[in-house]
Amino acid sequence: MGYYIFHNKTVGEAQIHYGDCPHCRHGYGRTEEAEVEPKGGEWLGPFSSYHDAEMAAGKARAHVRDCVECMP
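Position 41 of the sequence shown, counted from 1, bears residue number 40 in numbering that gives the first Met the number 0, the numbering being contiguous throughout.
Hint data in this document are derived by calculation from the structure and do not stem from the laboratory.
Some hints could be false.
Across the chosen pairs, the derived CB separations fall in these ranges [as the list claims (entries may be wrong)]:
1. PRO21 to ARG60: 26 to 32 Å
2. SER47 to MET70: 16 to 22 Å
3. ASP19 to ARG60: 23 to 29 Å
Using N, Cα and C, we set each Cβ at its ideal position, and we do this for glycine too.
Using the sequences provided together with the hints, build the complete structure.
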């Protein structure tokens, strides 16, 4: 399955998702259209474990939180 991070550099936040989350779609986001995602944001991953995703988000010096939809 894998874990992904949406890192929003503008607000300094990193949100962890399951790969099959409808907000993530394995790092493609909600749609194929990049302009829908917030400016300054990027998808990172896949990571093999939640712990690996959490560590990567921490290295980005972002406030880490879980997706409220998929709750990894």
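Q | Verdict for ASP19, ARG60 (Cβ pair) under range 23 to 29 Å | A | At roughly 28 Å between Cβ atoms, ARG60 and ASP19 fall inside 23 to 29 Å, so the hint holds.
Q. So does SER47 sit 16 to 22 Å from MET70, Cβ to Cβ?
A. Holds: the Cβ-Cβ distance is about 19 Å, inside 16 to 22 Å.
Q: Starting from the range 26 to 32 Å, see whether the pair PRO21 and ARG60 falls in it by beta-carbon distance.
A: holds (28 Å)
The structure agrees with every numbered hint stated previously.
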